[in-house]
Amino acid sequence: MIELQDVVRDYGGRRVVDRVSLAIPEGAFCALVGSSGAGKSTTLKMINRLLAPTAGRIRIGGEDVSTLAPETLRRSIGYVIQSVGLFPHWTVADNIATVPRLLAWPRPRIAARVAELLELLRLDPGTYRDKYPHELSGGQQQRVGVARALAADPGILLMDEPFGALDPITRGALESELGLIQQQARKTIVFVTHDIDMALRLADLVVIMHEGRIAQQGTPLEVLEHPADDFVRAFIGSDEIGLKLLTVRRVGDRVRPGIVVSGDPLAPAATLTEALSQMVVRRTDRIPVRDPSGAVTGSVGLSDLLR
Amino acid sequence: MTDAADRRAPNLVLLFLVLAGATAIAASGFVSQAPNRLVSGAPLPLWRAASVPVCASIGVLGAFLVAAAFRPRSRAIAAAVIGAAGALLLLLLDGAGAAAASLAATSPRAARTSLGPAFWIASLCAAFAVLDALQRLSAGRRTRLAAAATIAVLVAVLAASGRLDALSIAREYAIRRGAFVGELLRHCELVLGALVPALAIGTPLGALAARRRAAAGPIFAVLNAIQTVPSIALFGLLIAPLAALGLGGVGPVPALIALTLYSLLPVARNTQAGLLGIDPAVTEAAAGMGMTPAQIFWRVELPLGLPVFLAGVRIVTVQAIGLATVAALIGAGGLGTFVFQGIGQYAVDLVLLGAVPTILLALAADFGMAMAVASLRRSAQ
Chain A
1 MIELQDVVRD YGGRRVVDRV SLAIPEGAFC ALVGSSGAGK STTLKMINRL
51 LAPTAGRIRI GGEDVSTLAP ETLRRSIGYV IQSVGLFPHW TVADNIATVP
101 RLLAWPRPRI AARVAELLEL LRLDPGTYRD KYPHELSGGQ QQRVGVARAL
151 AADPGILLMD EPFGALDPIT RGALESELGL IQQQARKTIV FVTHDIDMAL
201 RLADLVVIMH EGRIAQQGTP LEVLEHPADD FVRAFIGSDE IGLKLLTVRR
251 VGDRVRPGIV VSGDPLAPAA TLTEALSQMV VRRTDRIPVR DPSGAVTGSV
301 GLSDLLR
Chain B
1 MTDAADRRAP NLVLLFLVLA GATAIAASGF VSQAPNRLVS GAPLPLWRAA
51 SVPVCASIGV LGAFLVAAAF RPRSRAIAAA VIGAAGALLL LLLDGAGAAA
101 ASLAATSPRA ARTSLGPAFW IASLCAAFAV LDALQRLSAG RRTRLAAAAT
151 IAVLVAVLAA SGRLDALSIA REYAIRRGAF VGELLRHCEL VLGALVPALA
201 IGTPLGALAA RRRAAAGPIF AVLNAIQTVP SIALFGLLIA PLAALGLGGV
251 GPVPALIALT LYSLLPVARN TQAGLLGIDP AVTEAAAGMG MTPAQIFWRV
301 ELPLGLPVFL AGVRIVTVQA IGLATVAALI GAGGLGTFVF QGIGQYAVDL
351 VLLGAVPTIL LALAADFGMA MAVASLRRSA Q
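Those protein sequence lines, which keep their order, are chains A and B.
If you're matching positions, the first sequence starts at 1 in the numbering used here and goes up one per residue.
If you're matching positions, the second sequence starts at 1 in the numbering used here and goes up one per residue.
Keep in mind the hints are simulated off the structure, nothing from the lab.
The model shown is predicted, which means the values in this text are computed figures rather than measured ones.
Be aware that a few hints might be false.
[Stated by the list, open to error] Restraint-style ranges between C-beta atoms, simulated for each label pair:
(1) B:Arg-211 / A:Pro-168: 36 to 44 Å
(2) A:Glu-63 / B:Arg-211: 28 to 36 Å
(3) A:Gly-12 / B:Glu-189: 27 to 35 Å
(4) B:Ala-27 / A:His-134: 49 to 57 Å
(5) B:Val-157 / A:Ala-111: 50 to 58 Å
(6) B:Gly-368 / A:His-194: 34 to 42 Å
(7) B:Gly-217 / A:His-194: 33 to 41 Å
(8) A:Arg-57 / B:Arg-211: 23 to 31 Å
(9) B:Arg-211 / A:His-134: 23 to 31 Å
(10) B:Gly-277 / A:Gly-56: 30 to 38 Å
(11) B:Ala-233 / A:Pro-70: 47 to 55 Å
(12) A:Gly-12 / B:Arg-211: 14 to 22 Å
[What the hints assert, rightly or not] Okay, the calculated bits of chain A under chain B, using three or more residues with CB under 8 Å as the criterion:
(13) 78-87
(14) 90-102
All residues carry an ideal CB built from backbone N, CA and C; glycine is no exception.
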């Protein structure tokens, strides 16, 4: 649990973060969203004390971070930044081993962990272990950056627009892999982005920031269904709000049991966007849905999307 | 121009060097002969000073280099040019030694044979031809080192064999054999003695300038001001305050202080540049991973800034070797002693006895440091 209580940060006479209060439950994926200058990155950097709050309190697991040695705190928190910041004079393996070495892990344990993380981030250990950062593509570098942040198995991962500099395809792949990693390893992730769609798709808790303040926080559904004010409505894109609602809702919640039609069934975890898309492709108003066991026991119709 | 046509174009650099060397030999004295060491001598062209086989060999090697310049470029041609130009260099030196020996046999004991403009220019051209060919070979560090060492060893063998002993510079050396080694060592002591405090003071100043923008202005204002004071003036300016402190206004102490002051700017400047050249994302990531400021410095900033920093040390070393000659003026010793004695006595060859080893020392230090920086860059890339 990460708690921010009335956190303020002034910089050069300007209030960059203004009385931000936020509670991020353990294992949650929290997205800090907003346009540039909204105070997202500043808020993030105060969590691992790269910046000190002007006022207010930050607690992790009930403990005030200002009472911990900054280095000890940071070694227990993974940190990924947009410009990656791999150490150019170290190999991929050395880069990933940064925090385990700071924690003085035994060598064999470090080597095993490096190999495990390279596999997790889909980089063949034999090929990539001994390469230098300049020999990697941007996407590969950021994979190594994520592996380095995960190396000592921190409970918390702070990510500052980690995929912002990558092309859309690479970014999409890395985002969905990050989602899988988060589900498997139950990390608490705080993710700074200006991409509202990414936040709605992946986060459990969306925090929309504007001019240093939290404009709204809640689940993606809450934010879409009840935008707090005109800024939030404009930020999430009022024209496409209906389509975005379909994206955050699941087929499983709208299935009509008993009405069985033919065709390839959708999984219950599929989004309503996928269901609508399939209806258009198949030129039909009803798509079969399977239950978690795989049996087709119901379907979802066009009118079900509107309920 | 296509690649193949480019390769077949004549090597204009080599042609120019041969032309310049040949012109110097045709137009100026190869050696000069004087009745004693204090008066300037009469120039003797190559063909009158050297034997027929030596003149013929020099002509053949020159013609070979011209022919090589018109051949399509290849590694074999570049290697042949290195061999021919290197041989030419040694032949010029040996020819000058032999000319001096034969002239000495027919002249009174006080007569001196000095190296003339034709010798210096032709030798320089031959040395440049070797360097140019090494460049064209895109030779690695090992090849360059091997070429430099081979030529240095052969010159040393030639000098040790006694074939150059009749040259005036060698006779000056023979008179001062004992003093020479002492002054050479003193020269190295002055340089190293100034480098150590310059690094100890300049590195933290440069690091401070990189960390705090506000400090950079005043630091470099002072260091730049020091750099603009002419060296002789600085030596002079130090005399009074040091004498007042009881340290002695002359001798090695003011020389070391002046050399240290001159070395501060390049050391501090390159330390700052090395640190500022590091991607800020890298240091941010290092801090974010939980490195302490000391760990960030030793594990990240130092290795990444080292090549630029060492380039500064290289500049400072070469500069200090040159400046240390002036230190002889205030009684600090070093190779400058011979330079100023020579100037005082109008004995050009005594000046050369101080100047040539200084130049060779600077070249060797520069070459050695360049090698070290290159190998670091390679391992740190």
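Tested hints:
1. Checked against the hint of 36 to 44 Å, the pair Arg-211 of chain B and Pro-168 of chain A passes, with Cβ atoms roughly 39 Å apart.
2. For the hinted restraint 28 to 36 Å between Glu-63 of chain A and Arg-211 of chain B, the CB-CB distance of approximately 31 Å keeps it satisfied.
3. A beta carbon spacing of about 52 Å between Gly-12 of chain A and Glu-189 of chain B contradicts the range 27 to 35 Å that was offered as a hint.
4. A hinted range of 49 to 57 Å holds for the C-beta pair Ala-27 of chain B and His-134 of chain A, which are about 53 Å apart.
5. Take Val-157 of chain B and Ala-111 of chain A: their Cβ atoms lie about 53 Å apart, and the range 50 to 58 Å holds.
6. Take Gly-368 of chain B and His-194 of chain A: their Cβ atoms lie about 52 Å apart, and the range 34 to 42 Å is violated.
7. Taking 33 to 41 Å as the suggested C-beta distance range, the pair Gly-217 of chain B and His-194 of chain A conforms, at roughly 37 Å.
8. The supplied range of 23 to 31 Å is met by Arg-57 of chain A and Arg-211 of chain B, whose beta-carbon atoms lie about 30 Å from each other.
9. Distance hint check for Arg-211 of chain B and His-134 of chain A: the Cβ-Cβ separation is about 27 Å, which falls inside the suggested range of 23 to 31 Å.
10. Our hint of 30 to 38 Å for Gly-277 of chain B and Gly-56 of chain A holds, since their Cβ atoms are close to 37 Å apart.
11. In this structure the supplied range 47 to 55 Å holds for Ala-233 of chain B paired with Pro-70 of chain A, their Cβ-Cβ distance being about 50 Å.
12. At roughly 19 Å, the beta carbons of Gly-12 of chain A and Arg-211 of chain B sit within the given window of 14 to 22 Å.
13. Counting residues of the segment 78-87 of chain A whose beta-carbon sits less than 8 Å from any beta-carbon of chain B gives 7, enough to reach three: the coverage restraint holds.
14. Only when three residues or more bring their CB closer than 8 Å to a CB of chain B does the claim for the segment 90-102 of chain A stand; here the count is 3, and the claim holds.
Checked against the numbered hints above, the structure breaks hints 3, 6 and satisfies the rest.
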